[in-house]
Every structure is written in structure tokens, then in C-alpha cells.
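K.L.:
Going line by line, the protein sequences match chains A and B.
The first sequence begins at 1 in the working numbering and counts up by one.
The second sequence begins at 1001 in the working numbering and counts up by one.
Heads up, a few of these hints could be off.
As the list claims (entries may be wrong) - In the DSS-like style, the derived pairs of lysine-lysine whose C-alpha atoms are separated by at most 30 Å in a straight line are: (1) A:K94 - B:K1309; (2) B:K1450 - A:K94; (3) A:K279 - B:K1091; (4) A:K155 - B:K1450.
Stated by the list, open to error - Just so you have them, the derived chain A footprint on chain B, three or more residues with Cβ under 8 Å: (5) 1094–1101; (6) 1441–1453.
No lab work stands behind these hints, which were simulated from the structure alone.
Here the structure is a predicted model, which is why all the values come from computation and not from measurement.
All C-beta atoms, glycine included, are put in the ideal place defined by N, C-alpha and C.
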Amino acid sequence: MADQAAAGGAGTLIVPARRPFWKRELPVGWLAFFMNTPSMIVLAGVLAYPIYYAGYLSFHQVGLAQMRRGIFPFYGWQNYINLFEDPLFWLALKNTITFTAIVVTVEVVLAIAIGLLLMQTSVWTSRVTRFLMLLPYAVPPIANGLIWSFIYNFKFGFLNRVLLTTGLASEPINWAGHADTALVAVAVPYIWRTLPFAVLLVYAALQGMNRELYEAAAVDGASAWRRFWHITLPLLRPIIVVILILRTSFAFAVFEEVMAITQGGPGDATWVSAWYGYKVSFAPPFNIGMGAASAYVLALIVGLFAIAYVKVIYRRTT
Amino acid sequence: MDQFLSSSLSRRRLLQAALGAAAVGASSGLPWSNAALAQGWADRPKGKVDKVNFVVWTYGDIYTKIAQKFEADWGVKVESTISSFNDHPTKLATMFAGGEEIDVSQSSPFSFPAFIKQGLVEPLTGLPGIEEYVKDFSGFTKEVAVVDGKPMGLPYFSAIWVWNYYETMLEKLKIDKPFTTYEEFIEHCVKAKKDGVSRYPVMWVAGVGLEQLPGTWYSIVANKGGRFFDKDGKHMLGPGSIAREVLKWWANTFEKGLDISDPESLKLQFTTSAKAFGAGNNLYRGPNHHYGLNVVNDPAQSPIAGKVKVHGFPGDGRTIGVTHVYFLNSANRDKEWAWKLLQYLGGKTKDGVYTQAIGLAKDAMLGSGYNSVMASDVVKTGWKPWGEPEKILAMWEKATYIGEICNSVYQPWHFPWTDQLNIEVQKCLTGQITADVCCDNLIKGIDDAKRKAR
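Whole structure, please, built from the sequences with the hints as guidance.
P.N.:
So, in C-alpha cells, the structure goes:
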């Protein structure tokens, strides 16, 4: 039989020899499982475990002594109760939302504007811009904060020098030290640093657009504005949603610029959620359990945005 | 001449001289005497360690020399972790919580109760030589370092709050002497602004911190005879209180009032304010640690060096003072070696000398937490290049420990309450809330702070 099969005679059923298991092809499901396992393990270690551990700490009484000993008395919901009773937590959350709204709105508008500019290959500045655009992204956040704190300096800062010299201001402005301007003073360096990310996304989306749509619109006599409004913007919508959600998530966790420029001040004008969590956890009386609770609440809010991102994108793409 | 030398330094004479010196030394208790050698600072610990370490906040380059001396004296490597003053509690806390070994660390009096409560501090009771140190502790030091009768630390430095003024600017204003009353202070500042000599005549140390902004408020309240809490711990911030009235007065010097205060004040710490004052744009520098003069009167750091003078508080000159401490960390690798290192930082070196305290007085204009050092010529000669030691020491006599003015410093809840104090007072100074609202909020905040510290 084996000889016949090997000879391959007509009308003969060929039954291949059974391969050893290590040479067999895996079913698709198993293949996916094995291929994903390494990354799942890494993600579980660096993402899922910290999230679980923060949740665990938030239900326990955790100070320095407990951390050192590794014994955490169960505290129930007390950390959350203390957190929600703290007016500073709510103020920090309010400031975070205001900050995020400013940052995300400005970033989306600027990212589209700069992305469109980058697409104009006939304009020589676009090539320069394409290169310069990426520079802020390479600046470490804390260094960015320090640079801007020098720019904002009341007496010797570059910004006030320019305003005074050009006559745009008659007196120096206390950008980072005045309650009315401090949050914006933190938002500007943050936008400056993170804008390239949004620009890159928009630029990539613009490059993938079908040029025939524009040609057809031009033949129909559509103005540049109408082409933008009726073609570009609808096609950019999915990427705008991505930018909105991702930038919102990141902006919620702003910390370095606050640390370097205002340290939460003046007063509580720039106390944001991440700064609150840091102060609660790592300054006496070192209430790490409550800090974990605040971080967990923040993570949940960001998680809700992530769910919204998935839902919105899913709906748009289907 | 050579003949004289050879005869006077004969072997017999040399031996006689050495024996005589040893006898005198032993009887007088000099550092190199047998009595001194038997003390804790001179004996080698029995245990064996590869290294020891300390976790402190930065102040110039005061740790390099003492670490080198320790290594030379004992042959044990010293490692240091140094962060900024405001970041130090966080750095120490994370290292401790992370299970790292820490032999010696440092604390302001404001963080110390929290560190003790969290179990970071090892009592010094029973360690060799501790009784001698405690006997030499100054009043300020005892207030911080002795807790419930137990010695818990050795002093790092002591400081009092003083004012500074820019002499040249005062002369330009044709004012013959600095203010003697608060009314006069305002008059001088208003005149300086009106005459165009200084846009912002007064610079305060009002940056967020444990004793920067709070210290300015505490010191003026103390000078006016007020307190923040009475002996039973009841607040004294109610309507009509001195603390409340002082805050009203202080806030009135800012933008929404007389507009004579430098807006940068709200960001300034002790050293940064000294550097900023060195620009020569202000007439007065508000109450601050006395040693800022070693920056503002240092020609290498200040264009107006030599022209900044120290000035006492109005009235009876009452001011406040403070001592910061080093402590033996409970996470030490070897208690005896940790105690040895602690003594190098906050006590005596192998030769029985307060090497670090003397060095700090000479190099950094810091006061000492030991009576014997403060009474010695070291302070007078050491401080001389930057200021007027006699004048500062006279002010020192009128200084009250900060804890008498605000006795919450002995409580773990003082720290979270100070967080709120920084926020509320800055809001008041920037005109977001009134002094009355600020004080009412701080009264309400006492219970919140207690709850947070529980």
C-alpha cells in the first residue's frame, strides 16, 4: 500500500504519513494563543498587575511602616470615603478637566492646521516645519517644564521681555504666579511638547486620503473651504476621535509641567489629579492607600474614555 | 639659633613635654584625652560593614569633606543620596518603603513627628556618648530632638528669622535707618515705590514649603506676641486674633492692596530669595533664615555683596528659631556603625571635635544646635565675612522656638495642615480670598488634617 501510494498510481487514495506533533501545523486558535502569550505576559506584568495592586492598596491602610513590613491592614472603603470627603481632591479633578479641555481642543485644532500645512509640498516652509515639528517631542517633560519656567519668569523671563520691548505690555505679567493665568501657563508648555503626536496622526491620515475626491470636487467648482469641510474633515473624523481620546487620557495624567512650573500654586490654582495623588502618597503623613485610591479613580475615568474610544471608533468604522 | 633648637628639643625634653601634655589633657577633658577616647565617637564599632549611607537634602557642598573624613578615619565607604529640601521627605519615604537600607537621614522639625510615627526613627537611648550630647543640646534642639524624654536625633543646624535690607537703596531714599515699626516699614516701601527707586520694595520668602511661607507668617505673628495654638492645642486663628490681623496686613502689601510686594515672592525659597535679592531691585527682604547673607553678601553670587545688612524685628525684637536634625534610621544595616556615621554628621568625629557643626558655621553661616559651638569663637569668626555676627547673636537671644508659636509642629497632622496653609495663604496673598476666609478655612482644615494623619 505504501509502495502504491509512493508510486502515485491513478485512482489510488493517497494517505500522507502522519507527521510527528512538533512538525504539525497548529490550528489557528492555538497559533494565535501562542503568538500572543509573550506580549500578554509582559502586559500583565507591567500593566495589569500595577492596576490590580493599586486597587488592592486602595482597600488597605498603607503607610511607610506598612510598606516596609509588607503587612497591610484591611481598610474597606475608608480610603475612598476619605478621598471623596477631601475638597482638594474635587478641586484637583475640576482643574484636571479644565486643563484637559483646553489642551485637547487646542491640540486638535492645531494638529489639523499644521497637518494641512505639512501636506502643502509647494510651500517651502512645510519642509522646515516637518523637521521642526518633531523637536518638542524629543524634549523630556521635566526639562520642558523647567525651560518654560525660565520663559515665564516675572522679571527676567523671555516672554515678558518680548512683550515689554514690543510695547504689548506696560508691566511684566506674572504668568505662572497669578491664579488667572497659571493653569494656561502650564497648558501651553504641555501642548508645545505633545502636539507633534497629534500632528503625526493627522498627517498620516491626510496622506492616505484619495486624491480623486479632491479632483472631482475641483471639477465641480468647490472652494477650498468647502473641500475641507465636506471632504477632509469627514475623512479625518476617525483619526480626530483617536486623538481626542488618547490626548484626553494623557492630559488627565499631567504631572511634570506642574511640578516644574507651579508646584500646584499659586494657592491651589494648578492642583491637578496626578499632583494630588503624588502629594497624598509621598509627603507626610504618607497616606499611600489614599493615594492609590485617587490613582485608581483617575485610572477608572481614563478607562471610561478608553471604552468610549473603542465604542466610537467601532461605530464609525462599521 | 640652631644650637638653641637642638638643645630645647632634646629627647628628654620632648618626652617630658609629651607626658605633661597628656596629663593636662586627661585632667581637663580635652578632645584627645583618655576620657574623650573612651567616648562613643572614638571607639570602633564591633560589627563589620562594607559601607554606610545617608539620605539628606542638599545645601552647598557640605557633605563631601565629612564623608571623606569618615572614610579616612574608619576605612568604611560612605554613600550619599542627596535631594532638594522639598523633595527630601518623598525621597526618604520611597527608599524606606522600597526596603532599602538607610543608616542616617535628616529631618526638618515639621516632618520629624511623621517620621517617628511611621517608624523611621530609631531612638538613641543607651548609645555610647548620647548623654554628653544631650547635655550640650541647645533649647531649640531639645524641643525637636528629645521626644517624650527620649533622644531621637542629633542637630544638623539652627537658624533664626531675621530681616535684610539693601543699604545703598536706603541711602538713595535718604532714610537714615531701617524701620523700627511696621508702620515705618510700610512708609519706607511706599516711598521707595513712589520715588521710583524700587517697583517692588519688599521681597518675601513666600514660596510653598514647611517653613518658607509659613515661617514668614509665624515670625511676624510671634513678633507681635501672637500664637497659632494655645498650650492646650486650641487654635488662635479666630476673628480678631493676632494671626488673622497679621495676615490682613501682609496681604495688603500685595497686588490687590499697596502693591509693594514682589510678585516673585510666592515662588521663593530661602536660598532662591537670597539670590533674587542680590539683583538689587528690592529694599527689604522679609523674615528669613539668618544664613541667607552668605549668598547675598558673597561677591561671587551677588552684585550687591557687602551692601546687604541684617535687621531685627520691630518692638522687642522677638523672633523665632528652629533646629533641623539628623536621625538614626530604623532601616540601618548596623546600628553601631549607623550611630558612628550619625555622629560624624550631627555630633563629634573620632578626634572628639564637632567637625561638621564647626564646618557648617564657617562655610555656610549655619548656627549650631550645640550650646558649646554657639558660645565658641567659631561662630563669630565664621560668620564674619557675610554679616554681623554680634548683631545676629543678639537677635538669637530673643528667639523663641517655632513650636511655641505653632505647637502643631509636634503633631503628625501638622504636615497636611501646612499643605492647606500654603494653599490658603497664597490664595489670600493673591487676592483670591480674604484673610478672614483663609483663617476660617484653616480652622476647618485642622480636623481634616488630623483625619488624614490618623
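K.L.:
Now, for every hint given, state plainly whether the structure supports it.
P.N.:
Outcome of the hint check:
Distance restraint check for K94 (chain A) and K1309 (chain B): the Cα-Cα separation of roughly 46 Å exceeds the 30 Å cut-off, and the hinted pair is therefore not satisfied. Restraint check for K1450 (chain B) and K94 (chain A): the C-alpha separation of about 25 Å stays at or below 30 Å, so the hint holds. At most 30 Å may separate the alpha-carbon atoms for a hinted pair to count; K279 (chain A) and K1091 (chain B) meet this at roughly 12 Å. At most 30 Å may separate the alpha-carbon atoms for a hinted pair to count; K155 (chain A) and K1450 (chain B) exceed this at roughly 40 Å.
Taking a C-beta to C-beta cut-off of 8 Å, the stretch 1094–1101 of chain B contributes 5 residues in contact with chain A, enough for the three needed, and the coverage statement holds. For the stretch 1441–1453 of chain B, the stated coverage by chain A is satisfied: 4 residues place a CB nearer than 8 Å to a CB of that chain, which reaches the threshold of 3.
Hint check: violations occur at hints 1, 4; the rest are consistent with the structure.
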